[in-house]
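Working from the sequences, and respecting the hints, build out all of it.
Chain by chain, the residues run as shown.
Protein chains: 2
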Amino acid sequence: MPLLLLKQLPRFECLLQAALRYPDLDPCATSTFLHLLRTGDLIFESEACQLANSGISKGRFSILMLLNRHPDQPQTPASLAEEAGVTRATITGLLDTLEKDALVSRSASPDDRRLTLVHLTPKGAQLMDALLPGYFRHVASILSSLTSAERIQLVELLEKIQQGLGDDQGASPCSTANNSPL
Amino acid sequence: MPLLLLKQLPRFECLLQAALRYPDLDPCATSTFLHLLRTGDLIFESEACQLANSGISKGRFSILMLLNRHPDQPQTPASLAEEAGVTRATITGLLDTLEKDALVSRSASPDDRRLTLVHLTPKGAQLMDALLPGYFRHVASILSSLTSAERIQLVELLEKIQQGLGDDQGASPCSTANNSPL
DNA sequence: GCCTGATAATTTGGCGCCTAACAGTCCCCG
DNA sequence: CGGGGACTGTTAGGCGCCAAATTATCAGGC
Chain A
2 MPLLLLKQLP RFECLLQAAL RYPDLDPCAT STFLHLLRTG DLIFESEACQ LANSGISKGR
62 FSILMLLNRH PDQPQTPASL AEEAGVTRAT ITGLLDTLEK DALVSRSASP DDRRLTLVHL
122 TPKGAQLMDA LLPGYFRHVA SILSSLTSAE RIQLVELLEK IQQGLGDDQG ASPCSTANNS
182 PL
Chain B
2 MPLLLLKQLP RFECLLQAAL RYPDLDPCAT STFLHLLRTG DLIFESEACQ LANSGISKGR
62 FSILMLLNRH PDQPQTPASL AEEAGVTRAT ITGLLDTLEK DALVSRSASP DDRRLTLVHL
122 TPKGAQLMDA LLPGYFRHVA SILSSLTSAE RIQLVELLEK IQQGLGDDQG ASPCSTANNS
182 PL
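Residue numbers (the working numbering), protein chains in the order written: chain A, 2 to 183; chain B, 2 to 183.
Among the hints, a few may not be true.
No distinction is drawn between identical chains; accordingly, a pair holds when it is met within one copy or between any pair of copies.
[What the hints assert, rightly or not] Derived lysine to any residue pairs resembling SDA-like cross-links, with alpha carbons at most 20 Å apart:
id	residue 1	residue 2
1	Lys59	Ser142
2	Lys161	Glu48
3	Lys59	Leu26
4	Lys161	Glu151
5	Lys101	Pro75
6	Lys161	Ser142
7	Lys161	Ala150
8	Lys161	Arg138
9	Lys101	Pro72
10	Lys59	Leu35
11	Lys161	Leu38
12	Lys124	Gln76
13	Lys161	Ser47
14	Lys59	Pro11
15	Lys161	Phe13
16	Lys124	His71
17	Lys161	Glu46
18	Lys59	Gln76
19	Lys161	His139
20	Lys161	Leu35
21	Lys161	Ser146
22	Lys124	Arg22
23	Lys59	His139
24	Lys59	Arg39
25	Lys124	Pro134
26	Lys59	Ala103
27	Lys59	Leu43
28	Lys161	Ser145
29	Lys124	Gly135
30	Lys59	Leu133
For the record, the hints were derived by calculation from the structure and aren't laboratory data.
Predicted, not measured: the structure shown is a model, and the values here were computed from it.
Structure, rendered in structure tokens:
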């Protein structure tokens, strides 16, 4: 169940040919970029696939993971949204389905009547305990083809890219519609 | 506009602590995995952000890219779906909106009346010509912090992971519900 | 010439995610 | 006090993605 991406990457010679049409195309950078995109997609898909067996999506899993860190300590939807990197509206939807399946429960905060407290139910905790060992084994198996040194190398390279991403976003923020040919 | 991921990765000591609860958790592998997930997410977001300025989504962009390879050569929805790695139903939806914006056009095939032929309109080709230079510069800027050697290294590591992913999927295919605690 | 099966595109219904707008609650400051 | 932010969670509407069912067309065996 892929989200969207080229099924097979274009060969390098195709990129070279395309570079003739578009002088701004850097074949080396584009090739690397496509590999990153493709691998990221495969990882996402693989993770979603691993979880789908138990009928929970990535989004639901994220919520359960956050709650499972401290199972007895309720959290507000806002903090879940912040930590998951998702809007509060999305959390509302996820909690609705999770609550329907009795994996989490909502209660009102006694201190602040604006707040809702989200708890992991026994059934939810049970599900996580049943799910996580397989999940972690899956994660380990994905990286089993890399040595320790290679993993460190990979993380270093990824961090460099993340650094560049941050810089770039600062240079041309998302909201500025610098060109809108449509 | 993130899709879903931990906003800040857990520190390594947290992973070590979690490993006490879950013996299957390999802290080193999990940390690397989270870095991959996070970077992939940031890249996706960055790409979507770059394109959103022109009012087109990743999905629409993929279709336009596929058509733009040979602008005068129509393609069927099925082949677009195959190459984009997406279901035909999704293609139908994307083509609907693209056609509404007059970026592509549909026509019936004279040879096989089951087939629909999708063309890039002049307006669509014009949009791509206006969009792609900036897009390719964006791609190049993302990887500007990596040297050529580092890019090659990165691609090699990613390919190793992809290899492992394929193997793993063969070992435990998606459809087998080996454990369904729900 | 038909029936059967394969294939093409679409429709339907659902989930996850977003933005924007909403109503309720808190708190500070005049 | 009492009003104006700033915050909460939710709703409404939209898009992208999927699976499953539907309709139209082709092609092969009898």
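*Is it within, between, both, or neither for Lys161 and Ala150, if the alpha carbons may be no more than 20 Å apart?*
both (17 Å within a copy, 14 Å between copies)
*Is it within, between, both, or neither for Lys59 and Leu133, if the alpha carbons may be no more than 20 Å apart?*
Classified as within; 13 Å inside a copy, 32 Å across copies.
*Go through the copies and call it for Lys59 and Leu26: within, between, both or neither, with a Cα cutoff of 20 Å.*
between (34 Å within a copy, 18 Å between copies)
*Which holds for Lys161 with Glu48 at a C-alpha limit of 20 Å: within a copy, between copies, both or neither?*
between (24 Å within a copy, 17 Å between copies)
*Copy assignment of Lys161 with Arg138, given that the CA separation must stay at most 20 Å*: Answer is between: at 18 Å across copies they meet the 20 Å cutoff, but 28 Å inside does not.
*How would you label the pair Lys161, Ser47 (within, between, both, or neither) given a Cα cut-off of 20 Å?*
between (25 Å within a copy, 15 Å between copies)
*Since the copies are identical, ignore which copy is meant and state whether Lys101 and Pro75 lie within 20 Å (CA to CA) inside a copy, between copies, both or neither.*
within (18 Å within a copy, 47 Å between copies)
*asked:* For Lys59 and Leu35, with the copy left unspecified, which applies at a CA distance of at most 20 Å: within, between, both, or neither?
replied: Answer is between; shortest inter-copy Cα gap is 14 Å, intra-copy 23 Å.
_Alpha-carbon proximity between Lys101 and Pro72, which holds within one copy, between copies, both or neither at 20 Å_ = Within one copy only: 19 Å inside a chain, 49 Å across chains, cut-off 20 Å.
*With identical chains treated as interchangeable, where does the CA-CA distance between Lys161 and Ser142 reach 20 Å or less: within a copy, between copies, both, or neither?*
between (25 Å within a copy, 12 Å between copies)
*If the cutoff is 20 Å on CA atoms, where do Lys161 and Ser146 land: within, between, both or neither? Let me know, please.*
between (22 Å within a copy, 6 Å between copies)
_Within, between, both or neither, where Lys59 and Arg39 count as close if Cα-Cα is 20 Å or less_ = both (18 Å within a copy, 14 Å between copies)
Against the hints set out earlier in the document, no violation occurs for any number.
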